Amino acid sequence: MGCGASSIRWCNDERRSPQGEGTQVSDTTTDRGAVPAAGPVLQIDDLHVEIRQAGRVTPILRGVNLSVSAGRIHALVGESGGGKSMVAKAATGLLPESAVTTRGRIVLAGQDVTRWDEPRWRTLRGRTVSMVLQDPLTALNPVRRIGAQMADVLRLHQGHLRAAVDAENLRLLEQVQVRDPAQVLRQYPHQLSGGMRQRVVIAMAWACRPQLIICDEPTTALDVTVQKQVLRLIHRLAGEGQGVLMVTHDLGVVAKLCHSLSVIHGGRILESGSVPDVFARPQHAYTRALLAATPRFDRPGHTLVPVDDALIEQLEDEARAYDRQQGVAA
Amino acid sequence: MTERTDIRLWQRLLRNPRVVIGGLVCLVMLVLAVGAPWIAPTDPQAQDLIASFESPALLGSAADADPDAPRYWLGTDNLGRDVASRMVYGTRIALLVAVIAATLTALVGSLLGALAGFYGGKVDTLISRLVDVWMSFPPVLLAIVLVSVIGTGLWSVIAAIVIVDWTRFCRVVRAETQAQKALDYVTSARMLGMSPLRILISEIFPNVAPLLITLITLEMGVAIVVEAILSFVGLSLASGTSTWGGMIGEGRLYVNQAPWLMVLPMLAMMAAVLGLNALGDGLRRELDPVVQR
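Residue numbers (my numbering), protein chains in the order written: chain R, 3 to 332; chain A, 19 to 311.
The following block holds chain A by itself, in its conformation from the complex:
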């Protein structure tokens, strides 16, 4: 029976186009991120000043050039750096930020949300008011202020995302925990003598988990966008590192001569966010224990 139900879940997931498309996007990102040194045609920092603003070879315009010269499939930027390589390495940063930030955000937010929803009373009042106050700050502004205070860098970006976005998890998990807590199976567990902590962990958590998985996928998309915003305003990683947001920011300056510098990383970001949202949406439908039945 164990295997059979598991297979059913997998089969259902594979039949859902959203899950498949989103999963493929994630898989491609993962392959690019892990295999960056082998996949990227050149070193992302290597400058070829003679070949600056080379248009993408894929468009065929560079075909007339000297056959020995390196081919830049997605063109080069103002310093002659290979856009394809930079985007591949940018995927690495994007995925890293997405995974770590989303996980930490989920951890902080759902912990506080679960406590508020389960214990109620004063704990709930305290946490809920905190969330209300927190959400009254404009999120992007808050992130920018934060990063400019704590300094730039990968971990600052992640910290900014966690600090800005934990409220999203907190609210959803609180509401769901409250709803689950009112159900009979929780009364039943109390009636059998289980401690509140145990009920929260072993009874309620498995019921909230599907929702949490969905939220985490959605949050990964948000994290990618926030990282790009911070890179765009120059508050993410040092400009030497390739990030999608940084590339968009730099490409903006040359948008008239070399539009691909801005368009390509934007497309990559859109594909990633759309893919993650599709995955989250698909998972939400398939994992929801109520819809399942």
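Chain R with its partners taken away, still in its complex shape:
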């Protein structure tokens, strides 16, 4: 894992910004790496998870290794169904009941949480680890006011009194740059725009200063202009020393925002490293294919290359071969 590398090189807009949002982006990235890298807040070693349903066993994670350090943004990149969300769920104890962890371990903030039950997980969620979900429209309860929903988090974990909760809510909303926070606290989710809602969701996730925040495609459901603001916000908040695991399929986001990345496919990590290294010298054929399939507005004449079917087949064959080998071993 290259996330410990102290020299984060890249601050070159031309190279870094495949989404072509121009020079305005620079302020979000210049101070990247200012926070010294500390020990990992999330460490996943050789994690194997399979779904057992109706007598059928389907492996979904095949030996995942991953580590997220404090103050760093680590990206988990891959196509749909590749196991990205499963890693996020495993790291928050939200795996479905049919999922069984057969091997490996998850260490969260120094605690081995691999086989924790629901009540123990509850002591960590919101406080040590929290998550920003993809769609801010559904991530907030439609029939409760923003203020009430935000207050729940604070009261639950910090035992704030009512007046203190209101003040803290205002402060949190100001921090995520919500205009007129007092008004927003009294509104319902459907009265806010998508970007505002996602800011509220982020404020709730950040409320108790968790050591690890998992962002599950936090910008996929947003407009491009709003995406940029939200990404900038995540970057600024991450600068305060929390580890962020950014689950995404948008390599543009990775290039702009993240320090390191892991490429996942078929439940296997194909490649990990610091963003500049991997972008400059992708080791795995799949990573190269993904990079080639990303739109580059900074390179006129660049044509999109879809990921080769033969490559996908080959990866799937490898995964099956791995399962057979594991089956023999087990």
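Hints may be right or wrong, so weigh each one.
Here are the simulated distance ranges between beta carbons [what the hints assert, rightly or not]: (1) A:Gln29 <-> R:Pro98: 41 to 49 angstroms; (2) A:Gly138 <-> R:Thr103: 16 to 24 angstroms; (3) A:Ala193 <-> R:Thr222: 23 to 31 angstroms; (4) A:Ala193 <-> R:Thr104: 28 to 36 angstroms.
Short, incomplete list of chain A residues facing chain R, as computed with Cβ under 10 angstroms [what the hints assert, rightly or not]: (5) Asp202; (6) Tyr203; (7) Val204; (8) Ala207; (9) Arg208; (10) Leu210; (11) Met212; (12) Ser213; (13) Pro214; (14) Ser220; (15) Pro224; (16) Asn225; (17) Ala227; (18) Pro228.
To be clear about the criterion: a stretch of chain R counts as covered by chain A if any three or more of its residues have a C-beta under 8 angstroms from a C-beta of chain A, and this derived list gives those stretches [as the list claims (entries may be wrong)]: (19) 126 to 133; (20) 146 to 155.
Read the hints as simulated data drawn from the structure, not as lab findings.
Here the structure is a predicted model, which means the values were calculated and not measured.
Virtual Cβ for every residue (Gly too), placed ideally from N, Cα, C.
Chain R is fixed; fit chain A onto it per the hints.
Below, chain A alone, put in the same frame as chain R:
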């Protein structure tokens, strides 16, 4: 903002004809039930045997009678009891049964439904199979058997309605809870460290509540009908008490000489049930959080 959204809801409700009509019917019932002693022209049990089978004065046929004699606007029955007074007091019983039975039914049914929908697994299997078995009994028969076993009376009728009808709430609330549970905001609440019970009460319940309010109004109509059925077969309150169902049952005997004895309470019951259904239907449209947006 608080006031503004609330006013919007009220304005919307007042603009919906179903809600207005249903609400008016409920209001009239409520006034009649509460004010029965003052509104009813005479004591509902007072017999005036000389004036039995008096036809409704409203039709004008009794106008030729002695001006000092009491006027029976809706006529009298075989014992000379005033139909209008009996119907007013009958409203009281109908409303009482409707409100209590519907509330208790909702309580029992939605509690079990919420548990089944939220916890799933074995709890769900157990409750769902129970509902399936329960619903295989013919409901009216079940109610009649129940009341004949536990005895007659207001509370027996209410108990019978609850025992027969809780499955309706259970199924609907289970399905809705399941649907809500799959939404992201529940994952989000779990992610913030909330306990399942808390999620159920403070996150899911407010989303199921509009549906519940609608179901309760509909259930009130059902309760009125079931009470009338039980009264009709003589298994509700003692025959001295005025109930719509009892009046229909008694009026049936004299339907050839005095049809109003049966027709009037039937009309009252139809108006009440139609009104409640209209209200429930209107509320369902207006309170649905998805349609709102």
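The hints, checked one at a time:
1. The supplied range of 41 to 49 angstroms is met by A:Gln29 and R:Pro98, whose beta-carbon atoms lie about 44 angstroms from each other.
2. Hint check: A:Gly138 to R:Thr103, Cβ distance near 21 angstroms, so the stated range 16 to 24 angstroms holds.
3. For A:Ala193 and R:Thr222, the Cβ-Cβ distance of about 29 angstroms falls inside the hinted range of 23 to 31 angstroms, so the restraint holds.
4. Here the CB-CB span from A:Ala193 to R:Thr104 is close to 34 angstroms, well matched to the stated 28 to 36 angstroms.
5. The criterion of a C-beta within 10 angstroms of any C-beta in chain R is met by A:Asp202, whose closest approach is roughly 4 angstroms, and the hint holds.
6. Given hint, A:Tyr203 at the interface with chain R, holds; its Cβ is 5 angstroms from that chain's nearest Cβ, closer than 10 angstroms.
7. With 10 angstroms as the threshold, the beta carbon of A:Val204 comes within range of chain R, its nearest partner Cβ sitting at about 8 angstroms, so the hint holds.
8. Checking A:Ala207 against chain R: minimum C-beta separation of about 8 angstroms stays under 10 angstroms; hint holds.
9. Given the 10 angstroms rule on beta carbons, the hint for A:Arg208 holds: about 7 angstroms separates it from the nearest Cβ of chain R.
10. Given the 10 angstroms rule on beta carbons, the hint for A:Leu210 holds: about 4 angstroms separates it from the nearest Cβ of chain R.
11. Annotation: A:Met212 was flagged as interfacial toward chain R, and the flag holds, the nearest CB pair being 6 angstroms apart, inside 10 angstroms.
12. The beta carbon of A:Ser213 comes within 6 angstroms of a beta carbon in chain R, closer than 10 angstroms, and the hint placing it at the interface holds.
13. Interface hint at A:Pro214: satisfied, since its Cβ lies 8 angstroms from the closest Cβ of chain R, which is below the 10 angstroms cut-off.
14. Taking 10 angstroms as the C-beta cut-off, the interface hint given for A:Ser220 holds, the closest approach to chain R being about 7 angstroms.
15. With a least beta-carbon distance of about 5 angstroms to chain R, the hint placing A:Pro224 at the interface is held under the 10 angstroms criterion.
16. For A:Asn225, the suggested interface contact is upheld, since its CB lies about 5 angstroms from the closest CB of chain R, less than 10 angstroms.
17. Interface hint at A:Ala227: satisfied, since its Cβ lies 8 angstroms from the closest Cβ of chain R, which is below the 10 angstroms cut-off.
18. The beta carbon of A:Pro228 comes within 8 angstroms of a beta carbon in chain R, closer than 10 angstroms, and the hint placing it at the interface holds.
19. Three residues within the 8 angstroms Cβ limit are the bar, and the stretch 126 to 133 of chain R against chain A gives 6, so the coverage statement holds.
20. With a threshold of 8 angstroms between beta carbons, the proposed coverage of the stretch 146 to 155 of chain R by chain A holds, since 3 of its residues qualify and at least three are required.
Taken one by one, the earlier hints all hold for this structure without exception.
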